[in-house]
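Take the sequences, apply the hints, and build the full model.
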Amino acid sequence: LISAARVPDIELRRLDNIRQGFFERAEIEALLQRIPDRDLHDFSEWGFRTGQRKGEIAKLTWDMLDRTCPVWVLRLPGAIAKNKTGRSLGLAGETRTIMERRLARRRLDCPLIFHRTSKGK
7 LISAARVPDI ELRRLDNIRQ GFFERAEIEA LLQRIPDRDL HDFSEWGFRT GQRKGEIAKL
67 TWDMLDRTCP VWVLRLPGAI AKNKTGRSLG LAGETRTIME RRLARRRLDC PLIFHRTSKG
127 K
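Going by this note's numbering, the letters in the sequence shown line up with residues 7 to 127, in that order.
Worth flagging that the hints you see were computed from the coordinates, not collected in a lab. The model shown is predicted, which means the values in this text are computed figures rather than measured ones. The beta carbon of each residue, even a glycine, is placed where N, CA and C say it ideally should be. Treat the hints with care, since some could be wrong.
As the list claims (entries may be wrong) - What follows is a set of in silico ranges between Cβ atoms, one per label pair, in the way DEER data are often shown:
(1) 93 x 20: 24 to 30 Å
(2) 79 x 17: 41 to 47 Å
(3) 112 x 32: 20 to 26 Å
(4) 20 x 114: 20 to 26 Å
(5) 112 x 30: 41 to 47 Å
Here it is as structure tokens:
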């Protein structure tokens with residue numbers, strides 16, 4: 007066993023990986039107008055509106071969406087979150103509109119909400 011008196015003092019490096027370079031509303035609106043691919047447009051707008059990471063968005067599936075209440079709820083399991091903590095997101099306004107567009111583009115052979123069918127077209 008190691009006693010507290012024998013534990014070496016280890017200096018931890020400070021990580022300076024704070025996210026920087028966020029888009030402002032006007033910037034994202036200008037960018038979205040220039041994305042002709044509807045699937046990529048929705049993916050990008052969803053990221054801006056929710057703050058979700060690319061990896062999380064890419065793993066969202068239809069079984070995570072609850073449409074039984076007036077306010078739809080997207081339940082994200084901790085398994086897909088970077089911090090491994092699950093959370094729920096109520097969909098209203100712009101996020102609800104995006105989800106309705108995704109529902110209209112839903113492919114029954116694909117469980118993913120944000121799939122690509124347009125391939126740049």
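Structure-based check of all given hints:
1. One distance hint, 24 to 30 Å for the beta-carbon pair residue 93 and residue 20, holds here, with the actual separation near 28 Å.
2. For the pair residue 79 and residue 17, the supplied restraint of 41 to 47 Å holds, since their beta-carbon distance comes to about 45 Å.
3. Here the CB-CB span from residue 112 to residue 32 is close to 31 Å, at odds with the stated 20 to 26 Å.
4. Checked against the hint of 20 to 26 Å, the C-beta distance between residue 20 and residue 114 comes to roughly 49 Å, which is inconsistent with it.
5. A hinted range of 41 to 47 Å for the beta carbons of residue 112 and residue 30 is inconsistent with their spacing of about 31 Å.
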